[in-house]
Amino acid sequence: MINTIESLPAPALRDYIKCYGLREVDTEGQQLHLAIHAIEQSLMPFWLSSTPLQHITEAGIRTIDIKKRWLLGLTSSFQGYQVYNGRYRFFNVQFKNNGFYSIFKIPMPYISDQLLIGDDVIGKDLQFLQEQLEESTNMEEMKSAADSYFLKALFKKKQGYNNDRITTTTNMIAQYNYQIDIKTLARQVNMSLRGLERHFYEQVGTTPKQYSKIVRFNKSLLLKTLHPEKKWTDIANQYGYFDQNHLIKDFKVLAGSSPFNFLEKFQPLPEFLQENF
Numbered sequence: 001m002i003n004t005i006e007s008l009p010a011p012a013l014r015d016y017i018k019c020y021g022l023r024e025v026d027t028e029g030q031q032l033h034l035a036i037h038a039i040e041q042s043l044m045p046f047w048l049s050s051t052p053l054q055h056i057t058e059a060g061i062r063t064i065d066i067k068k069r070w071l072l073g074l075t076s077s078f079q080g081y082q083v084y085n086g087r088y089r090f091f092n093v094q095f096k097n098n099g100f101y102s103i104f105k106i107p108m109p110y111i112s113d114q115l116l117i118g119d120d121v122i123g124k125d126l127q128f129l130q131e132q133l134e135e136s137t138n139m140e141e142m143k144s145a146a147d148s149y150f151l152k153a154l155f156k157k158k159q160g161y162n163n164d165r166i167t168t169t170t171n172m173i174a175q176y177n178y179q180i181d182i183k184t185l186a187r188q189v190n191m192s193l194r195g196l197e198r199h200f201y202e203q204v205g206t207t208p209k210q211y212s213k214i215v216r217f218n219k220s221l222l223l224k225t226l227h228p229e230k231k232w233t234d235i236a237n238q239y240g241y242f243d244q245n246h247l248i249k250d251f252k253v254l255a256g257s258s259p260f261n262f263l264e265k266f267q268p269l270p271e272f273l274q275e276n277f
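UniProt numbering applies: residue 1 is where the sequence shown begins, and numbers increase by one.
Incorrect hints may have been included.
[Said to hold, decoys possible] Per label pair, the in silico range of CB-to-CB distance: (1) 50 / 106: 25 to 33 Å; (2) 4 / 151: 33 to 41 Å; (3) 4 / 109: 35 to 43 Å; (4) 105 / 245: 39 to 47 Å; (5) 124 / 151: 13 to 21 Å; (6) 11 / 171: 12 to 20 Å; (7) 228 / 155: 22 to 30 Å; (8) 27 / 116: 23 to 31 Å.
Please keep in mind that the hints were generated in silico from the structure rather than gathered at the bench. We put the CB at the ideal spot given by N, CA and C, even for glycine.
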């Protein structure tokens with residue numbers, strides 16, 4: 001059982017944070033395996049429960065200390081999976097594509113493809129937000145606490161002119177489903193190709209080409225999850241893959257296995273996938 005309440009941030013934050021989410025998960029005595037596949041955005045969960053959580057990778061099993069505040073940057077490949085077993089409750093902050101960079105001005109390559117302790121990246125005052133969330137009795141109070149924290153962080157930093165251009169670029173990539181080349185994107189936002197690639201990498205954490213692959217992969221996975229009757233060939237055509245083999249090749253890198261094997265093992269949940277769009 002999964003229950004989710006979502007709320008938009010304050011208007012001044014909506015260019016940077018997509019939404020806040022309060023999620024409750026009860027596995028009802030079963031293990032729930034959630035893959036950490038490629039994802040084009042950054043997430044910051046604040047755990048409000050004490051049930052243990054494990055992260056399993058090829059390197060072994062790691063128990064996540066949920067008393068800490070974690071930060072997951074953009075991931076460009078399969079990073080293992082988490083094992084839920086019991087009841088969980090957490091408040092999640094979902095940043096837009098270059099939203100985390102815009103608020104904190106931390107170059108995204110430093111946090112991409114990593115699960116980091118947020119206090120080490122942002123600062124110890126993140127603990128104060130955690131305490132406010134724990135003391136809150138409803139979603140409205142949590143939203144207010146989060147808004148106050150992120151607005152304060154935003155107004156501390158000077159916003160750069162190129163931020164809006166990179167935001168526009170990421171939006172165009174999502175709109176055209178990879179069917180637009182990088183040179184065209186650069187012309188559309190009035191930047192040189194080299195300038196676009198440099199600022200994009202700094203603010204998003206990967207190249208425009210790789211970002212496009214990740215966006216297309218997540219759209220394909222969500223469509224198949226919502227409509228399991230759809231054939232992979234049709235999905236490949238819809239999202240501009242050359243053919244089904246092209247889709248499978250991307251899947252193996254971004255999800256760690258072929259589409260069939262991935263869905264057989266993890267059975268992705270729409271509640272989690274839809275966070276990305």
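Range first: 23 to 31 Å. Now tell me if the beta carbons of residue 27 and residue 116 are that far apart. holds (26 Å)
For the range 33 to 41 Å, tell me whether the beta carbons of residue 4 and residue 151 fit it or not. violated (24 Å)
For residue 228 and residue 155, compare the CB-CB distance with the range 22 to 30 Å and indicate the outcome. Roughly 46 Å apart at Cβ, these two residues miss the hinted range, so it is violated.
Is it true that the C-beta distance of residue 4 to residue 109 lies inside 35 to 43 Å, as the hint says? violated (31 Å)
Verify the CB-CB distance for residue 124 and residue 151 against the hinted window 13 to 21 Å. Cβ of residue 124 to Cβ of residue 151: about 19 Å, so the range 13 to 21 Å holds.
Is the hinted range of 39 to 47 Å satisfied by the C-beta distance from residue 105 to residue 245? This hint holds: roughly 41 Å between Cβ atoms.
Is it true that the C-beta distance of residue 50 to residue 106 lies inside 25 to 33 Å, as the hint says? holds (29 Å)
If I claimed the Cβ atoms of residue 11 and residue 171 lie 12 to 20 Å apart, would that claim hold in this structure? The hint (12 to 20 Å, Cβ to Cβ) holds, given that residue 11 and residue 171 are roughly 18 Å apart.
Violation of the numbered hints given earlier is confined to hints 2, 3 and 7; the remaining hints are satisfied by the structure.
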